[in-house]
Amino acid sequence: MASDGVLLEATGITKAFGGVRAVDDVSLQVREGTIHALIGPNGAGKTTFFNAISGFAFPERGRVTFRGTDVTRLVNWRRIAMGMGRTFQTPSIFPELTVDENVRLGVSAHAKQAFRLRAPRGEAKAAVDGRVDELLGFVNLIAQRDRPLAELAHGSQRLCEIAMSLSTDPVLVLLDEPMAGLAEAETDRIIGVIRDLRVRLGLTVLFVEHNMRVVLSLADRITVLDRGKLLADGTPAEIAANEAVRSAYLGEGVLDHV
Amino acid sequence: MTARKELLLSAAVVVLFAFGPWISPLMHLDVSIVSGVLVIAIAVMSVNLLLGYTGLPAFGNAAYFGLGSYGAALSVKYFQVHFAEAIVIGTVAGLLGGLILAPFLLRRRGIYFGLLSIAFGQVFYFIAYRYTDVTGGEDGMQVPRPLFVLANAHATVSDFGFYYVALAFFVIAVIAFRTIVRSPFGRTLIAIRQNEPRVRYLGLNTDRFIFVALLIASTMAGLSGALSGLLINFAFPLQLDWHQSGYFVLSMILGGAGTVWGSLVGAFIYVIGNDIISTITSWWQIFLGALFVACVLFFPRGILGTLQALGRAPQAFGDDDVDANAAFDPNAAGEAGRGV
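Protein chains in written order, with the working numbering: chain V, 1 to 258; chain E, 1 to 340.
Mixed in with the good hints, there may be bad ones.
Said to hold, decoys possible - Across the chosen pairs, the derived CB separations fall in these ranges:
id : chain 1 : residue 1 : chain 2 : residue 2 : range
1  : E       : Asp-30    : V       : Arg-116   : 39 to 45 Å
2  : V       : Asp-220   : E       : Ile-100   : 53 to 59 Å
3  : V       : Ala-119   : E       : Val-123   : 38 to 44 Å
4  : V       : Val-75    : E       : Leu-310   : 38 to 44 Å
5  : E       : Leu-310   : V       : Ala-124   : 35 to 41 Å
6  : V       : Ala-16    : E       : Val-171   : 55 to 61 Å
7  : V       : Val-75    : E       : Ile-100   : 20 to 26 Å
What the hints assert, rightly or not - Only part of the chain E face toward chain V is listed, based on derived beta-carbon distances under 10 Å:
id : residue
8  : Ile-180
9  : Pro-184
10 : Phe-185
11 : Arg-187
12 : Thr-188
13 : Ile-190
14 : Asn-195
15 : Phe-209
16 : Val-212
Source of the hints: derived by calculation from the structure; they are not laboratory data.
Just so we're clear, the structure is a prediction, and the values are computed from it rather than from any experiment.
Yeah, the Cβ is synthetic: ideal placement off N, Cα and C, and Gly gets one too.
Start from the sequences, fold in the hints, and give me the full structure.
Below, the structure written as structure tokens:
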């Protein structure tokens, strides 16, 4: 691991779709133990950048280093094995399966049980059961564990997806717009869980978000993108005071709360 | 369905088929037709594993089926192998076909996987069609059924005897199939069908799972082809053709995608329909087409899948119940997220 506490470093990430540079020469450092927010108006390139980091789609130029290793062209499932976890803007789940089965799949995969012809027994089964309970407890979904995920509210699906992304024991969790489309009460529930990721589990979090209230209440560090370019990078106070950011968000008035 | 009930029902089906040679005359069926049902059901299962469970459009499984048939026929004709050896050689031919094609098929998902499967199948079809000196070309090759040899004893395999060979292989195939789809490995295949990117983001190399699924399917289709060729004493290019692949897919949908026994139901309708209705009317294909359209429109889970759904609440993971609609969901196994 990098000695200076940098867990993830992206340098000069560039990705174009057709003629449009969705992400243009963007760099960012995520330090261990921080909650780092990636913000920007619609079309700023946040998700494209996220995809480059998590290996969903490779960047054209630039370099991604995770735990001191160059992972720019590493397939996504290997990054997960290295300790990355990710959620998607639209929850990526198994809607027909129950909450328990969704999380169990991840836990079994991580316990190297997924390729077997025999279901785990005895100690191996107890270990998987215990871990599933732990994760469901963390996101507070024990009561709904036997319900198909499709029947649950959007916020609960998100929470289940977070539990799934934790099932592989990551050190860094990437959350793509975890509050998108959620009601206020559900948003607060997710905010609590994200805080707990660091406080209770000691994880590092990088998350994409629109909602400035959420970002300013959660993040230690904020990176701002605008039209594919890096606009600013700093502490919440620095970002709130930044003229360029203020003008990009002009009219929203959200920064005045700080 | 409880495990006990399921076991009883499965046993009842097997016992019923054990009396096949006595029951089939009552239905005015030749015993070899019922053998054909059992044999084709194995090929339908191979499509079911890929399409019904894993969500891969397996539109080229006739390639492995035909390789099985030709593998058996060629080895009998040119190397005078015996009955059991011909079955083994045909099955291995199917597996080898899978080993050759899988690395290419793995590179695509969705409709492109289907197109590649068809295209590769047609390559084998044209080889059999054109390589007349060896394969007999369009006319195919008629090969007498080889002797069954064990130690110093040998025996001819009658249609009656063949029936029990087919039944034995069918039972083995069902047990193997059921074991696979209920195993953690099989559960992962279902998960891949539902959401492949998520499976990869759980740290699993989905290519590895799909590769093994392709090898299992090609082996099953090869076995089915070998038995099929030995049953009718004939190997011909149309066994490799994409139409044949299509019939396997239709049978699977009719019977019930993602159900263990649906393959038998589908194969039964296809083989019996082909044999009986086609002698009554040359419009049999239209009946099959209409049945298929009705099936997809009104009971997409197929005959067995619908019966199962009526019997109890659907439970995607608790049982062998997979929606055929979902099998065709283009988003279920898309290209995205593979980190190509």
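Checked hints:
no.: 1; hint: E:Asp-30 to V:Arg-116: 39 to 45 Å; verdict: 43 Å, holds
no.: 2; hint: V:Asp-220 to E:Ile-100: 53 to 59 Å; verdict: 54 Å, holds
no.: 3; hint: V:Ala-119 to E:Val-123: 38 to 44 Å; verdict: 40 Å, holds
no.: 4; hint: V:Val-75 to E:Leu-310: 38 to 44 Å; verdict: 43 Å, holds
no.: 5; hint: E:Leu-310 to V:Ala-124: 35 to 41 Å; verdict: 37 Å, holds
no.: 6; hint: V:Ala-16 to E:Val-171: 55 to 61 Å; verdict: 57 Å, holds
no.: 7; hint: V:Val-75 to E:Ile-100: 20 to 26 Å; verdict: 24 Å, holds
no.: 8; hint: Ile-180; verdict: 7 Å, holds
no.: 9; hint: Pro-184; verdict: 5 Å, holds
no.: 10; hint: Phe-185; verdict: 6 Å, holds
no.: 11; hint: Arg-187; verdict: 7 Å, holds
no.: 12; hint: Thr-188; verdict: 5 Å, holds
no.: 13; hint: Ile-190; verdict: 9 Å, holds
no.: 14; hint: Asn-195; verdict: 6 Å, holds
no.: 15; hint: Phe-209; verdict: 7 Å, holds
no.: 16; hint: Val-212; verdict: 8 Å, holds
Comparing the model with each numbered hint stated earlier shows that all of them hold.
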